[in-house]
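Residue-level listing of the chains:
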Amino acid sequence: MRIGIDVGGTNTDGVLMDGLTVLAEIKTSTTEDVTSGIVNAISAVMTDGDAPAESIEAVMIGTTHFTNAVVEARRLSEVATVRLGLPAGAALPPLVDWPARLRDAVGTHVFMCHGGNEFDGRAITPLDRDELLRAAEEIARRGLHTVAISSIFSPVDGAFEREAAELLAGELGEDVAISLSHEIGRVGLLERENATIMNASLRRLGRTIADAFREALRHSGIEAPVYLSQNDGTLMTIEHAERYPVSTFASGPTNSMRGATLLSGLQDCAVVDIGGTTADIGVLRDGFPREATTLVEIAGVRTNFRMPDVLPVGLGGGSYVRTGDGLTIGPDSVGYELPQKARIFGGETLTASDIAVAGGRADFGDRAAVADLDPAMVREALELIDRTVAEAIDRMKTSAGAVPVVVVGGGSVLLGEQLEGATEVVRPEHFGVANAIGAAIAQVGGEVDAVFSLAETPREQVLEQAKAEATERAVAAGALADSVRVVDVEEVGLAYLPGNAVRVKVKAVGDLEIGRNRVAAGN
Amino acid sequence: MLRQVTEDHLDDIAIGAAILGTGGGGNPYIGKLLARESIREHGPVEVVPLDEVPDDAFVISVAMMGAPTVMVEKLPAGHELERAFRAVESYLGRRATHILPLEMGGLNSVTPLCLAARVGLPVLDADCMGRAFPELQMVLPTLYGVAASPMGIADEKGNASVMETISNRWTETLARSTVVDMGCTAMIACYSVSGAQAREATVPGTLSLNEELGRLVRETQAVNGDAIGAVAERLGGRRIFSGKIGDVDRKTVAGFARVESRIDGLDGDAGVSMTLYTQNEHLAATSSDGGVLATTPDLIIVLDLETGDPITTEELRYGCRVAVVAAPCDPRWRSPEGLEIVGPAYFGYDFDYVPVEATAART
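One line per chain: the protein sequences are A and B, in this order.
So in the numbering used here, spot 424 of the first sequence is number 424, and the numbers just go up one at a time.
So the mapping is simple: the numbering used here equals the position in the second sequence, first residue as 1, plus 1000.
Extracted from the complex, chain A is given alone in its bound form (with noise of 0.2 Å):
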């Protein structure tokens, strides 16, 4: 059996599951210290489902702590970024983009040095070891503590990158936290760039959370390997998120789109997922979120991560609801503190929940609460929360037919039946913890990045040996071998190099193999 968790800005779900089935579902509060949050989700389900601390062979957690950090710019480590490659990029330095409220909360502590490479592998200048010294010397100065290291064409050759970070490692010491873009993105400096100084400021917290979720488990008696999902809807080890946090944006999304697939058996569909805050609509191909075919901005910057196509719209079911000069919902919310101020809790906020109550969607909290709420106005207000979400699923999908619309997430309850565009409203069973089982399902991956010749072999037999090499270390990774599929494949140019060279980077994925006592560690 294997437990789900997914934590987001206001609840807290856990499921416990054997194989497909759902044998115990669980909604809570999140709690400000998130790890007791997590210690309540997995006592909860263990009892509901009777299930002794022995009997987990897994446990998943979707987290959305390393997103909401750099939204909300907290708790991010301010971060010295060091480029190599001038003079090559001067025009353009480290952070040039960036909001000023994010730019701020890193600090703009910018190491503009020599080297870098061409497209085909010549080094731009030289890397200047003395030029490092000197800027590890005021890193040190200035009491940093994590190092972003992006260096020009590292897709292509990491080696800049792997040497700086070795001298800086040697000036600085252990405790000092290294980044390389070339781990982290792909060809596009400033984007990869931007995501390897976000990986860098999130590093303290990622070694905190990891910490917090090894200790949630101690204290739960799981002795289980945990693992973390990642924005393309597979797993990594606790350590590996704790060296490469943001691995984990994005992933919310991703966990309730894969977990409505599982609950309603669509594989085409519109899914909405409605939490406190917002709503996610995004779009199921073959059972897989569509991914975004733009770059995508987090917190107003620039990346080039591969995301989920999804479109949040500010309704959810701590929405504010406001009657004054027209009606206007959200996009603010009252969050996790739904449970005291929303009306139907006692509270003297007029939310989108209270709408939903008095409406008849929704029955819970105190009914009585909202009965003295104008019957034309909340009709009103019901109608402007279908037209919100039904304009939003028209804006995602790609043809103008009406679609199945799976909703799920325990802000769900604010739709009604039917919806404009849609052939049918599927509300499935445990809709309320979609991410979670969407967690607990998430599969393995198995990944192929290396540079090929295509003078001596053709492309496609070099993508076919790339796809079946991504395929066999996903099943060494704990993939079960036939559910393992081939989900991306990039190529790289590298022209100019002998034999006509190309980078082929493939990732594939599978199932991971459990229900034998055997969990292999992914990644």
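By construction, these hints were calculated from the structure, which means they are not laboratory data.
Watch out, some of these pointers could steer you wrong.
Unchecked claim - Quick list of in silico lysine-lysine cross-link-like pairs, BS3-like style, CA-CA up to 30 Å:
| id | chain 1 | residue 1 | chain 2 | residue 2 |
| --- | --- | --- | --- | --- |
| 1 | A | Lys505 | B | Lys1244 |
| 2 | B | Lys1244 | A | Lys467 |
| 3 | A | Lys505 | A | Lys467 |
Mind docking chain B on chain A? Use the hints.
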């Protein structure tokens, strides 16, 4: 009509630049940032309409040259273009009065703005192509007998040179191998002309068109209108295909990003697929039905099927849902002399040029 470019215009110019770039010309985001930093440091850029340029003005065309896929990674140092520009000035012993965009599209819609801000000269509301093309001799001034050389070329490392060549084709050949040696990106200054020549041999109003197209997309999106239709209409073209990208075969050959993409039809195009041929810019589109949908020198523009936002060649990837719009080029490109240097045959495609208006009649 644009008279001055300030920081506030850059978002719209960048969107328009990606549209006119027909997939190529470099990443307009990088260009926007470069222009923004230049304007923040040196102030707004004066824009001069073609009909206000004095006959005896001394005008130099400028651009970035190289592979856009390299540009997103190896960003400029900042001094390259001024070095190339000054190299031509000192070779000719004359100071320029105006800056002329060599092409309009992608990074090169804004490259001239960076230089104009930096050296404090006005930029002409015009360009030498009325779009973007991958080679240096592919400009209207070539049809008028204007020489590309002397050409200044400079890289971010500090290397610079001036070339004197016997033909514009030779300028391209020599510059191309220099660009490759420089690491596939360089800044160039060439085609020095008088104000009178500029008026005759360039396409007027294209910097304004850039800004107008971007504004049109933004404003149409704001009212949930049909941005794809709006772009097609403004350019006098039409939507030729809608679909999902099924495969992108990408390679860099002799300094060019050569791409062949298969687009599988959606909606009204379901069951048909389109092949899009790209060498920096989109150069041809054929249908699996066997027909040519559009070819260079007409503009072939790829837009996001849902939003209408332009998609650059670097952003083409499996699963993108796109609308393809084709629009007529400057009529001078359709002359036999024009087609000889920018027609499909020049790029190695064995189909004849069919004006986009004519392919419309067949579908």
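Do the hints match the structure? See the list:
{"no.": "1", "hint": "A:Lys505 <-> B:Lys1244", "result": "holds (22 Å)"}
{"no.": "2", "hint": "B:Lys1244 <-> A:Lys467", "result": "holds (23 Å)"}
{"no.": "3", "hint": "A:Lys505 <-> A:Lys467", "result": "holds (9 Å)"}
The structure meets every hint from the earlier list without exception.
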